[in-house]
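**Q** In case you want the letters, here they are:
2 protein chains.
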Amino acid sequence: MGTRKYVIGIDFGTESGRALLVDVANGSEIAEAVHPYANGVIDEKLPGTDIRLEPDWALQDPNDYIEVLKNAVPAVLKESGVDPEDVIGLGIDFTACTMLPTKADGTPLCFLPEWRNHPHAWVKLWKHHAAQPEANKLNEIARELGYKFLDRYGGKISSEWFFPKAWQILDEAPEVYEAADRLIEGADWIVWQLTGVEKRNLCTAGYKAIWSKREGFPPNEFFKALDPRMEHIVDEKMSRTIYPLGAKAGGLTEQAAQWTGLKPGTAVAVGNVDAHVSVPAATVTEPGRMVIIMGTSNCHMVLGTEEKMVPGMCGVVEDGIIPGYFGFEAGQSCVGDHFAWFVENCVPAAYEEEAKARGLNIHQLLEEKAARLKPGESGLLALDWWNGNRSVLVDAELTGLLIGATLATKPEEIYRALIEATAYGTRVIIETFEEYGVAVEEIVATGGLPNRNKLLMQIYADVTGRTIHVAATNQAGALGSAMHGAVAAGKEAGGYESIAEAAKHMARLRDEVYRPIPEHKAIYDRLYAEYLTLHDYFGRGTNDVMKRLKALRAEILAR
Amino acid sequence: MGTRKYVIGIDFGTESGRALLVDVANGSEIAEAVHPYANGVIDEKLPGTDIRLEPDWALQDPNDYIEVLKNAVPAVLKESGVDPEDVIGLGIDFTACTMLPTKADGTPLCFLPEWRNHPHAWVKLWKHHAAQPEANKLNEIARELGYKFLDRYGGKISSEWFFPKAWQILDEAPEVYEAADRLIEGADWIVWQLTGVEKRNLCTAGYKAIWSKREGFPPNEFFKALDPRMEHIVDEKMSRTIYPLGAKAGGLTEQAAQWTGLKPGTAVAVGNVDAHVSVPAATVTEPGRMVIIMGTSNCHMVLGTEEKMVPGMCGVVEDGIIPGYFGFEAGQSCVGDHFAWFVENCVPAAYEEEAKARGLNIHQLLEEKAARLKPGESGLLALDWWNGNRSVLVDAELTGLLIGATLATKPEEIYRALIEATAYGTRVIIETFEEYGVAVEEIVATGGLPNRNKLLMQIYADVTGRTIHVAATNQAGALGSAMHGAVAAGKEAGGYESIAEAAKHMARLRDEVYRPIPEHKAIYDRLYAEYLTLHDYFGRGTNDVMKRLKALRAEILAR
Numbered sequence: 003m004g005t006r007k008y009v010i011g012i013d014f015g016t017e018s019g020r021a022l023l024v025d026v027a028n029g030s031e032i033a034e035a036v037h038p039y040a041n042g043v044i045d046e047k048l049p050g051t052d053i054r055l056e057p058d059w060a061l062q063d064p065n066d067y068i069e070v071l072k073n074a075v076p077a078v079l080k081e082s083g084v085d086p087e088d089v090i091g092l093g094i095d096f097t098a099c100t101m102l103p104t105k106a107d108g109t110p111l112c113f114l115p116e117w118r119n120h121p122h123a124w125v126k127l128w129k130h131h132a133a134q135p136e137a138n139k140l141n142e143i144a145r146e147l148g149y150k151f152l153d154r155y156g157g158k159i160s161s162e163w164f165f166p167k168a169w170q171i172l173d174e175a176p177e178v179y180e181a182a183d184r185l186i187e188g189a190d191w192i193v194w195q196l197t198g199v200e201k202r203n204l205c206t207a208g209y210k211a212i213w214s215k216r217e218g219f220p221p222n223e224f225f226k227a228l229d230p231r232m233e234h235i236v237d238e239k240m241s242r243t244i245y246p247l248g249a250k251a252g253g254l255t256e257q258a259a260q261w262t263g264l265k266p267g268t269a270v271a272v273g274n275v276d277a278h279v280s281v282p283a284a285t286v287t288e289p290g291r292m293v294i295i296m297g298t299s300n301c302h303m304v305l306g307t308e309e310k311m312v313p314g315m316c317g318v319v320e321d322g323i324i325p326g327y328f329g330f331e332a333g334q335s336c337v338g339d340h341f342a343w344f345v346e347n348c349v350p351a352a353y354e355e356e357a358k359a360r361g362l363n364i365h366q367l368l369e370e371k372a373a374r375l376k377p378g379e380s381g382l383l384a385l386d387w388w389n390g391n392r393s394v395l396v397d398a399e400l401t402g403l404l405i406g407a408t409l410a411t412k413p414e415e416i417y418r419a420l421i422e423a424t425a426y427g428t429r430v431i432i433e434t435f436e437e438y439g440v441a442v443e444e445i446v447a448t449g450g451l452p453n454r455n456k457l458l459m460q461i462y463a464d465v466t467g468r469t470i471h472v473a474a475t476n477q478a479g480a481l482g483s484a485m486h487g488a489v490a491a492g493k494e495a496g497g498y499e500s501i502a503e504a505a506k507h508m509a510r511l512r513d514e515v516y517r518p519i520p521e522h523k524a525i526y527d528r529l530y531a532e533y534l535t536l537h538d539y540f541g542r543g544t545n546d547v548m549k550r551l552k553a554l555r556a557e558i559l560a561r
Numbered sequence: 003m004g005t006r007k008y009v010i011g012i013d014f015g016t017e018s019g020r021a022l023l024v025d026v027a028n029g030s031e032i033a034e035a036v037h038p039y040a041n042g043v044i045d046e047k048l049p050g051t052d053i054r055l056e057p058d059w060a061l062q063d064p065n066d067y068i069e070v071l072k073n074a075v076p077a078v079l080k081e082s083g084v085d086p087e088d089v090i091g092l093g094i095d096f097t098a099c100t101m102l103p104t105k106a107d108g109t110p111l112c113f114l115p116e117w118r119n120h121p122h123a124w125v126k127l128w129k130h131h132a133a134q135p136e137a138n139k140l141n142e143i144a145r146e147l148g149y150k151f152l153d154r155y156g157g158k159i160s161s162e163w164f165f166p167k168a169w170q171i172l173d174e175a176p177e178v179y180e181a182a183d184r185l186i187e188g189a190d191w192i193v194w195q196l197t198g199v200e201k202r203n204l205c206t207a208g209y210k211a212i213w214s215k216r217e218g219f220p221p222n223e224f225f226k227a228l229d230p231r232m233e234h235i236v237d238e239k240m241s242r243t244i245y246p247l248g249a250k251a252g253g254l255t256e257q258a259a260q261w262t263g264l265k266p267g268t269a270v271a272v273g274n275v276d277a278h279v280s281v282p283a284a285t286v287t288e289p290g291r292m293v294i295i296m297g298t299s300n301c302h303m304v305l306g307t308e309e310k311m312v313p314g315m316c317g318v319v320e321d322g323i324i325p326g327y328f329g330f331e332a333g334q335s336c337v338g339d340h341f342a343w344f345v346e347n348c349v350p351a352a353y354e355e356e357a358k359a360r361g362l363n364i365h366q367l368l369e370e371k372a373a374r375l376k377p378g379e380s381g382l383l384a385l386d387w388w389n390g391n392r393s394v395l396v397d398a399e400l401t402g403l404l405i406g407a408t409l410a411t412k413p414e415e416i417y418r419a420l421i422e423a424t425a426y427g428t429r430v431i432i433e434t435f436e437e438y439g440v441a442v443e444e445i446v447a448t449g450g451l452p453n454r455n456k457l458l459m460q461i462y463a464d465v466t467g468r469t470i471h472v473a474a475t476n477q478a479g480a481l482g483s484a485m486h487g488a489v490a491a492g493k494e495a496g497g498y499e500s501i502a503e504a505a506k507h508m509a510r511l512r513d514e515v516y517r518p519i520p521e522h523k524a525i526y527d528r529l530y531a532e533y534l535t536l537h538d539y540f541g542r543g544t545n546d547v548m549k550r551l552k553a554l555r556a557e558i559l560a561r
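Taken in order, these protein sequences are the chains called A and B.
The opening residue of the first sequence carries number 3 in my numbering; numbering runs sequentially from there.
The opening residue of the second sequence carries number 3 in my numbering; numbering runs sequentially from there.
Extracted from the complex, chain A is given alone in its bound form (with noise of 0.2 angstroms):
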């Protein structure tokens, strides 16, 4: 046994999991290993059949789930060399809501031979859209009966949350609803495989189950309102009890124990989501500065010491990221994924063949050209809803759009405008926020595109205005779980009382900062009042011509 303690972060992600082993003392990184799932995101067929799945579905195998913890927990601690009499405690977080039904004892209904071939008796993944119905009369219910909650989530309950997948099991399903004894997150589930008990988190029921501190779960009537079979779902088929995010859900099992390599009863915090457990790992747990998430898509959370209803929101939940402040939460559906689909398909010949002769990548290359280009240059300007807007309008219907291509418009200008216009539709986020009240003084990048685009982290400086930092670690998911399992271990074990002293001493910001350039923000200044006419013309009902377009393409598809 060394004097130096650890604990492990685990990050269930979409196509895989992560181990990150850490020092409790500074936050180092000492080991980190990757395991895919081998059946990852199962959208075409049902493992091993030729049962097709619908489109908009996504599930996912639990099994994968039990294999990261077989696997890549054993890697770091082999990779490492660390005894796992010094690791003290263990946390993790996941995608959400990603979601599956279970026996009372918590074997995936997946796992039984009677269920296995039943789609609906497999994992849900948080991208599993199949719910849209669902979640459409749910939202109208709500409003129907004056529901207060709606306010909470911006106005509407997405299809990818708990509530509208489990009644899409209840609808097309009955039999599979009827046989789950219990229906749970996935992060929920992973603690309880491996502790033994089933303790359900606060941040996936605040944000994904409509729970709040104050005032639990909807009502029994609600649910009855939305079909009277699953007036008792929450009493019957979930908890009532919801723990606060760094607490212990309970030590690890033997069997656990023996997948992993560590300790029985070592100790394992309660769940947590990818996204919300990287807040304190980007060194934020205090109000004023809001972390943003950069990836595929943006999140952007900040917390506030009181609860405001921000339209637009993901959702405002006390306690739901960092205890004793309100969290919430944002978002940008298309980010990363734009540059991606841009570089694929609108990205000529030539371009990909320089940038192979000087041995750069096409983002490399697009990222040099775009950034000899001075803000307003290229004279474009575009509305980055490519997949729909998330925050602030909520409509996913809404498509992307550029204006000002001249036949002299370059590839380059072109993907500028798009990096600009994410940019522009994040500062229409802070702005939102700090209209009603939730202050945004500067911002923390994390996630993947911080590292790889430094124009575009300059671009966002120079449109919000706000000075950004880049968290240290480039896996903020699994070292914010790390933190969470010194939390969970406690102070007496050799890890912390709180959430914010496991950041004082785990979590760091780089030495890098993008700090807002005065003459491009005055640009950017003059394009964004222009984003903002297009957006509200295009977004807020004067001319619904992109909804009509995409119901015309539906319509045409469907002949």
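Quick caveat, the hints were computed from the structure, so don't treat them as lab data.
Keep in mind that a hint or two might mislead.
Put simply, identical chains are the same to the list, so a pair is met inside one copy or across any two.
Derived BS3-like pairs: lysine-lysine, alpha-carbon spacing no greater than 25 angstroms straight-line [said to hold, decoys possible]:
(1) K412 <-> K358
(2) K150 <-> K358
(3) K412 <-> K549
(4) K371 <-> K412
(5) K129 <-> K412
(6) K376 <-> K552
(7) K129 <-> K47
(8) K552 <-> K523
(9) K150 <-> K139
(10) K139 <-> K226
(11) K549 <-> K376
(12) K412 <-> K552
(13) K523 <-> K549
Assemble the complex: chain A is given as a structure, and chain B must be docked to it using the hints.
**A** Just chain B, lined up with the frame of chain A:
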């Protein structure tokens, strides 16, 4: 001397001149030869010097035109084996307004050593756009003083036309203006070189120099209001005697006979413009059928029996296309150019490879993929303003717009949306003409695009709801010129009495016809309604974002 008679048409284009030898009896195209201009479009440096041109300048060398006479005409005689005795006439068409300053004997100033190094001494090509300040002032003054002639030109005189170009010479090089005994269209200058006589044609006078049969040129007071030194420009440097289309300018001089290999005295028609001369070559000599010359840009021409003031048309000129009718012209500034821009800047390497592997050019591949889409399926809509809008908005400051993009949008969908956008633009022109009493029952297409893109032709038929015929000739300009040569030769010499009679014998349509498909038309009617809304929102002043973006770009580039 044979029994068959022939005529030659020479089409002076932007990059080259083309001679076509045609059988007078039936319009058969016997031989064709192209001679490229050695100095092409001069837009960087004056030939043989280091003298740089300003942006927006575009000059030509008149000697290049003479070289076409010396090379292309002998080439068609040689290729065909036709006896020069049997060539009864010659007609020419030219780009316009393409104008130059000359001495009293027709010698271009730029041929003289003392002026050779002066850019203003050279030919100003149609696409010389540096006279925009003069055009703006001219329009402003004409509006202020209440001159009605503006109405005949859609409300605005273009910077490409005769008087702005002449005025630019005076503004920037009064010594050149002073030294110029004559200011003359290339079309008239080349006829002068062929015949030894200066005879100015009605088409360029009417469409490019504000002349009309009933009113002549604007009065001297108007020119005086522009600049007192210009008061007598018409009488001093031009001519008030304007010759109708098809008139014989004269016979070939000895020298021109030597250049061309034709007989001295061969009848030469007065000059004409490339677009306008194509109308009878496309079989149209009466109202009701619109001729669209489809190439890098679209030029729309239709005949009427009355003078109508149609908003946004390029011009209405009595006898300007076919004697006896009012000739209306409209245009779209960016059609083939649109697709060329797209292919160069937006088509991914994978498509280039597929095209190569399958032995297609990239346009063919895109057409094939786009043709598999149904109307409305892409969910996209574009405003075809990549090069501004000529008709009906007459606004060069407008720019392109694409709306409806998603992460599933494919290059062929954008390509098809651009084609559709140009078709909507044509429909706006057609509907505006009809609204103002000029009938457009059918379309006859000519130019480069109809041969190359059947999908485009069908989309135009579906969007406009008009049957589209295609002119049989691939060289409507040269054929039309040859037909005018046959009229200049006259019936007694084996030619024709009128251009209508010439068209009856010498012009033909292809068998292929594009008819509107009712189900497509119904969908395009819905999309066209969306196009019109955006057209008016961005094009008629509700939201001038395009102009502001363009102005900002110019401001940034000027810093």
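**Q** Are the CA atoms of K129 and K47 at most 25 angstroms apart within a copy, between copies, both, or neither?
**A** This pair counts as within: shortest intra-copy Cα distance 16 angstroms, inter-copy 59 angstroms.
**Q** How do K139 and K226 come out at 25 angstroms by Cα distance, when the copy is not named: within, between, both, or neither?
**A** within (13 angstroms within a copy, 74 angstroms between copies)
**Q** Within a copy, between copies, both or neither: where do K412 and K358 come within 25 angstroms Cα-Cα?
**A** Answer is both: 19 angstroms inside a copy and 24 angstroms across each meet the 25 angstroms cutoff.
**Q** Tell me, please, which holds for K371 and K412 at an alpha-carbon limit of 25 angstroms: within, between, both or neither?
**A** The answer is both: 10 angstroms in one copy and 24 angstroms across copies each meet 25 angstroms.
**Q** At 25 angstroms max between alpha carbons, let me know whether K523 reaches K549 within a copy, between copies, both or neither.
**A** Answer is between; shortest inter-copy Cα gap is 21 angstroms, intra-copy 33 angstroms.
**Q** When no copy is named, should K376 and K552 be tagged within, between, both, or neither for a Cα gap of at most 25 angstroms?
**A** Classified as between: cross-chain Cα gap 14 angstroms, same-chain 34 angstroms, threshold 25 angstroms.
**Q** With 25 angstroms as the alpha-carbon cut-off, assign the pair K412 and K552 to within, between, both or neither.
**A** between (28 angstroms within a copy, 15 angstroms between copies)
**Q** At most 25 angstroms between alpha carbons: which applies to K150 and K139, within, between, both or neither?
**A** For K150 and K139, only the intra-copy Cα distance (16 angstroms) is at most 25 angstroms; the inter-copy one is 62 angstroms.
**Q** As a check of your reading, is K129 near K412 (CA-CA no more than 25 angstroms) within one copy, between copies, both or neither?
**A** between (34 angstroms within a copy, 22 angstroms between copies)
**Q** At 25 angstroms max between alpha carbons, let me know whether K412 reaches K549 within a copy, between copies, both or neither.
**A** between (29 angstroms within a copy, 19 angstroms between copies)
**Q** Check K549 against K376 for me: Cα-Cα at most 25 angstroms, and say if that holds within a copy, between copies, both or neither.
**A** Classified as between; 18 angstroms across copies, 34 angstroms inside a copy.
**Q** Which holds for K552 with K523 at a C-alpha limit of 25 angstroms: within a copy, between copies, both or neither?
**A** between (35 angstroms within a copy, 18 angstroms between copies)
Hint compliance for this structure: hint 2 is the single one not met.
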